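Engineer: Residue strings, one per chain:
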Amino acid sequence: MLAEPFIESPSATGAVEARNFSFFYGKKQALFDISLAIEPRSITALIGPSGCGKSTFLRSINRMNDTIPGVHQTGEMLLDAKDLYTHGTDVVALRQRVGMVFQRWNPFPKSVYDNVVYGPRINGVASRPQLDEIAEDALRRAGLWDEVKDRLRRSALGLSGGQQQRLCIARALANQPEVLLLDEPASALDPIATAKVEQLLHELKSELTIVIVTHNLQQAARISTRTAFFFLGELVEADSTDRMFTRPREQRTDAYITGRFG
Amino acid sequence: MTAVQDPPNGFRHFHDQIDELKARLLAMSTRAEEMIEQAVEALLHNDHGIAEMVVASDIEVNALEVEIEQRAVALLALQQPMARDLRFIVGAIRVSNDLERIGDHAVNIAQSSLRLIEQRATLVPDPEIEDMARRARLMLSDALDAFLRSDGALGRQVCAADDAVDALHNSIFRILLTHMMADARTITPSLELLLVSRNLERVADLATNIGEDAVYLAEGKQIKHHFED
Chain A
1 MLAEPFIESP
11 SATGAVEARN
21 FSFFYGKKQA
31 LFDISLAIEP
41 RSITALIGPS
51 GCGKSTFLRS
61 INRMNDTIPG
71 VHQTGEMLLD
81 AKDLYTHGTD
91 VVALRQRVGM
101 VFQRWNPFPK
111 SVYDNVVYGP
121 RINGVASRPQ
131 LDEIAEDALR
141 RAGLWDEVKD
151 RLRRSALGLS
161 GGQQQRLCIA
171 RALANQPEVL
181 LLDEPASALD
191 PIATAKVEQL
201 LHELKSELTI
211 VIVTHNLQQA
221 ARISTRTAFF
231 FLGELVEADS
241 TDRMFTRPRE
251 QRTDAYITGR
261 FG
Chain B
1 MTAVQDPPNG
11 FRHFHDQIDE
21 LKARLLAMST
31 RAEEMIEQAV
41 EALLHNDHGI
51 AEMVVASDIE
61 VNALEVEIEQ
71 RAVALLALQQ
81 PMARDLRFIV
91 GAIRVSNDLE
101 RIGDHAVNIA
111 QSSLRLIEQR
121 ATLVPDPEIE
131 DMARRARLML
141 SDALDAFLRS
151 DGALGRQVCA
161 ADDAVDALHN
171 SIFRILLTHM
181 MADARTITPS
191 LELLLVSRNL
201 ERVADLATNI
211 GEDAVYLAEG
221 KQIKHHFED
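As they're listed, the protein sequences go chains A and B. The numbers in my numbering rise by one with no breaks, and the one at position 207 of the first sequence is 207. The numbers in my numbering rise by one with no breaks, and the one at position 130 of the second sequence is 130.
Hints listed in this document are in silico derivations from the structure and should not be mistaken for laboratory results. Certain hints may be false.
Unchecked claim - Here's a subset of chain A near chain B, in silico, CB distances under 7 angstroms, partners left out:
no.: 1; residue: F245
no.: 2; residue: R247
no.: 3; residue: I257
no.: 4; residue: T258
Keep in mind that this is a model prediction, so the values were computed, not measured. We put the CB at the ideal spot given by N, CA and C, even for glycine.
All chains, please: the whole structure from these sequences, using the hints.
Structural biologist: Okay, here's the thing in structure tokens:
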């Protein structure tokens, strides 16, 4: 059967919603019946101890877990009201709409320029002026343009860690995604580079739906609009970040964010 | 799936510091309560020595307020506390400020006692003042318990107790007014006793504030000014 293209609907807003979503690695269930609506054009932080399922949930939003053998899911994961897991979904197109940035920056061993235009190129954009425009736009949006405009042709691997991470964000932005997923994007960066990434996310949130997994609770508190707390594969509580970090409703949330597990 | 690990050492260290802050608050409130008790005792027994002692104690409570505030600010800056820890530390700053003012009210009462002794006043304080002092002290002690144990129900109970103290204050005002109208020589001592009553009424108000802070700490609900009623 031919893959059905995952076409962006005219009313697309980047709204993500999990409905009774469960996820399994073989027989082992990693997510239990998660229902969570992620507001478009905002930053949602996913927090919880290691192994709580937050990264599995994040990776389910662009079906990044599909590459692992034996996985399956139940329930729905909707992007703009359309289930991502319906048979025939074009996963490549999906991953362009839902970009992802990882903990360890992973630029290709190519030039800065080639990294950024990688996605548009494989999508058939061949015109040089068009690619130049895309590259400049994505690098500007990632707050990197002024730092790299004179070294676009040099290897991306020569940039600092923080610059490489922002380059990965630029590479994701070049595909014009509606949703940007970030898995611990700043955990290996120094405070100055972290601040730049956080500032960048803050600026991008008016254009994109951003979902970030972080172990750094202060970071979640600083940058997110809403926070969701996962524990043992369950969604314990999701609320405005302000509420979650000052007056969480659930005892388990309070115990986690104040370090009182036992 | 693995069970949740022990809190990292950093957290344990932090919680020890929170416990230390609690201990300082407890010491401060014990001192403030004693000052109220002694000030009223000085008043009832015309005890110049005890009154002087209360006046001298103020410096101790003031120093505790500064110490608690410094500890709390350091914890905010260095540990970036959240949720109940954040509510506790912000509350501790407010509570220590209220306790310091309670210490000031005790000093005011002690100074009224000293002036009454100096005037050789013959007017005996009404039993209502003693009752008011007892209630205000109980409210203070319950409010601190509620805050330190994070007991919202007890915090609400303290807030509810304030009405009885307000009623006693009004009643004392009427009694003293009667004295003053009957005998002009009682005007000066009556005004002193009215000041004492006013100070005790303020102590109960401040205890109510602490009760409200206890509710916020325990439940995350702001009940000040009926905000979340």
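Engineer: Which of the numbered hints above does this structure break?
Structural biologist: none
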